Amino acid sequence: MGDRAAPREAGHRRKRTTVSSTDGGGGGGGGGGGTAAAVATTTTTTTTTTTTTNGVRHINGGKAAVKTLEKHTQKPPFAAGSQRGSNVDDVCHVLQESLLSSASGYSNYRGVLNWCVVMLVLSNARLFLENLIKYGILVDPIQVVSLFLKDPYSWPAACLIIVSNVFIIATLNTERRLAVGSISESTGLMLHMFNLAVILVFPVVIVLTVTSLTPVGGVFSLGVYTVLFLKMYSYKDTNRWCREVRQAKVRRLTRSISCPSVARSNGRAAHAHVSYPGNLTYRDMYYFVFIPTLCYELNFPRSPRIRKRFLMRRLFEMLFFMQLLVGLIQQWMVPTVQNSMKPFQEMDFSRMVERLLKLAVPNHLIWLMFFYWFFHSSMNFVAELLQFGDREFYRDWWNSETVPYFWANWNIPVHKWCLRHFYKPMLRKGVNKLMAQTAVPLAWFVGRFLNGNYGNAAVWISLIIGQPVAVLMYVHDYYVIHYGTPA
Numbered sequence: 020m021g022d023r024a025a026p027r028e029a030g031h032r033r034k035r036t037t038v039s040s041t042d043g044g045g046g047g048g049g050g051g052g053g054t055a056a057a058v059a060t061t062t063t064t065t066t067t068t069t070t071t072t073n074g075v076r077h078i079n080g081g082k083a084a085v086k087t088l089e090k091h092t093q094k095p096p097f098a099a100g101s102q103r104g105s106n107v108d109d110v111c112h113v114l115q116e117s118l119l120s121s122a123s124g125y126s127n128y129r130g131v132l133n134w135c136v137v138m139l140v141l142s143n144a145r146l147f148l149e150n151l152i153k154y155g156i157l158v159d160p161i162q163v164v165s166l167f168l169k170d171p172y173s174w175p176a177a178c179l180i181i182v183s184n185v186f187i188i189a190t191l192n193t194e195r196r197l198a199v200g201s202i203s204e205s206t207g208l209m210l211h212m213f214n215l216a217v218i219l220v221f222p223v224v225i226v227l228t229v230t231s232l233t234p235v236g237g238v239f240s241l242g243v244y245t246v247l248f249l250k251m252y253s254y255k256d257t258n259r260w261c262r263e264v265r266q267a268k269v270r271r272l273t274r275s276i277s278c279p280s281v282a283r284s285n286g287r288a289a290h291a292h293v294s295y296p297g298n299l300t301y302r303d304m305y306y307f308v309f310i311p312t313l314c315y316e317l318n319f320p321r322s323p324r325i326r327k328r329f330l331m332r333r334l335f336e337m338l339f340f341m342q343l344l345v346g347l348i349q350q351w352m353v354p355t356v357q358n359s360m361k362p363f364q365e366m367d368f369s370r371m372v373e374r375l376l377k378l379a380v381p382n383h384l385i386w387l388m389f390f391y392w393f394f395h396s397s398m399n400f401v402a403e404l405l406q407f408g409d410r411e412f413y414r415d416w417w418n419s420e421t422v423p424y425f426w427a428n429w430n431i432p433v434h435k436w437c438l439r440h441f442y443k444p445m446l447r448k449g450v451n452k453l454m455a456q457t458a459v460p461l462a463w464f465v466g467r468f469l470n471g472n473y474g475n476a477a478v479w480i481s482l483i484i485g486q487p488v489a490v491l492m493y494v495h496d497y498y499v500i501h502y503g504t505p506a
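Numbering (our numbering), first residue to last: 20 to 506.
Among the clues, some could well be false.
In the DSS-like style, the derived pairs of lysine-lysine whose C-alpha atoms are separated by at most 30 Å in a straight line are [said to hold, decoys possible]: (1) K361 - K377; (2) K443 - K268; (3) K153 - K169; (4) K435 - K327; (5) K268 - K435.
Label pairs and their calculated CB-CB ranges [said to hold, decoys possible]: (6) K327 - A267: 43 to 49 Å; (7) W386 - I202: 41 to 47 Å; (8) V345 - R321: 33 to 39 Å; (9) Q486 - H112: 47 to 53 Å.
Calculated from the structure, these hints are not laboratory results. Computed from a prediction, not measured in an experiment: that's the story for all the values here. Just so you know, even glycine gets a beta-carbon here, dropped at the ideal spot from N, CA and C.
Please model the entire structure based on the sequences and the hints provided.
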């Protein structure tokens with residue numbers, strides 16, 4: 020009976036010991052005498068051997084066996100059949116292009132742009148420091164006055180600009196006579212053509228004959244007369260179109276033929292709608308003369324009020340950039356231009372190219388500053404002061420991929436004038452629209468052979484290199500004409 024009971028007890032103890040080992044308990048149970056303890060030890064050993072056979076290795080049983088069992092029975096992080104997948108399924112490579120390849124579609128080059136700006140600042144800082152060490156400080160605000168005046172008691176440029184009022188009044192009076200029918204259309208056209216021709220020729224003759232007129236004063240006066248020519252031409256065309264529309268509709272006028280009151284003009288704050296011939300007033304004419312546009316309309320878009328804070332910001336920009344431009348020209352460009360005259364005289368090609376490249380950087384920076392000063396600060400200041408609503412003076416010309424696109428977007432007032440008074444009338448007369456482009460070889464070449472980024476690079480090269488060439492040629496001719504040989 021005792022022998023039969025031993026196996027039962029051993030089996031019973033085996034079950035208890037296995038459960039205890041799995042749960043982290045001790046190797047042997049309590050109580051039951053020496054035989055029970057021996058059986059328990061044997062049972063534990065048997066359990067350990069069985070577990071080792073299943074691929075798990077236990078040492079000395081007990082807690083060590085339990086910890087080792089728990090460690091090996093945990094599933095690996097990428098076990099087969101798990102939600103994360105196996106190491107074999109972890110793909111490292113996909114079909115893709117390098118970032119700098121055009122096929123990658125990558126376009127975020129902000130860091131490269133910042134690097135270019137830093138390099139540009141450092142390189143120009145070195146050039147500016149080299150200029151200061153070599154020439155010293157050349158900026159002289161008093162000398163700026165001498166650029167406009169040779170004699171403080173003689174103001175030829177200012178007088179020439181004041182005389183332009185004669186041509187403005189002549190244009191207005193001619194249109195008034197045409198409006199009332201006192202002169203014919205052919206007579207009015209002849210008067211306008213004569214007036215426009217004098218506007219172009221008269222200032223040129225004065226600049227070339229009056230010795231007291233400085234080059235800067237002459238350039239400023241010629242610029243004013245050029246703008247006046249474009250404005251008067253547009254004024255003449257627009258009023259002629261109004262007469263054609265009036266004659267095409269009905270013969271009676273909705274308003275009096277006589278000169279209307281000033282209250283109906285463009286200059287009034289009420290911004291009342293104006294119809295022809297109610298626009299033929301001095302206020303309306305001079306409003307058009309001073310606003311930053313070249314195309315005349317009877318009713319311009321008007322802003323509701325003058326923003327004083329915006330106006331003061333533009334005024335501060337105008338004054339700041341004006342001083343900065345004058346300082347950079349005196350300190351940076353003038354010495355380079357003066358040192359370039361001798362290579363041009365001797366036709367030393369290598370030194371001419373070196374002077375050209377040396378002048379390209381400051382000239383281009385000054386041109387960019389001038390663009391911002393004139394087309395953004397100055398034009399917005401005048402437009403805000405006169406409540407002129409159309410502020411599109413430029414578009415994104417810096418993204419130009421062709422020269423025609425650049426010309427059409429960097430100077431919107433001139434572009435609108437050319438479209439309205441030159442391009443469209445030519446098309447209506449049957450002229451081929453490609454003739455204007457074929458007249459400029461660079462525009463044709465860039466538009467035909469260079470596109471995208473290459474075209475944009477060609478536009479920038481033409482701006483950076485072309486302008487210094489023009490500056491050196493003009494200065495060289497000026498020295499030759501006035502001093503015989505360049506200094």
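Against the structure, the hints:
no., hint, verdict
1, K361 - K377, "holds, 15 Å"
2, K443 - K268, "holds, 23 Å"
3, K153 - K169, "holds, 29 Å"
4, K435 - K327, "holds, 29 Å"
5, K268 - K435, "holds, 28 Å"
6, K327 - A267: 43 to 49 Å, "holds, 45 Å"
7, W386 - I202: 41 to 47 Å, "holds, 46 Å"
8, V345 - R321: 33 to 39 Å, "holds, 34 Å"
9, Q486 - H112: 47 to 53 Å, "holds, 51 Å"
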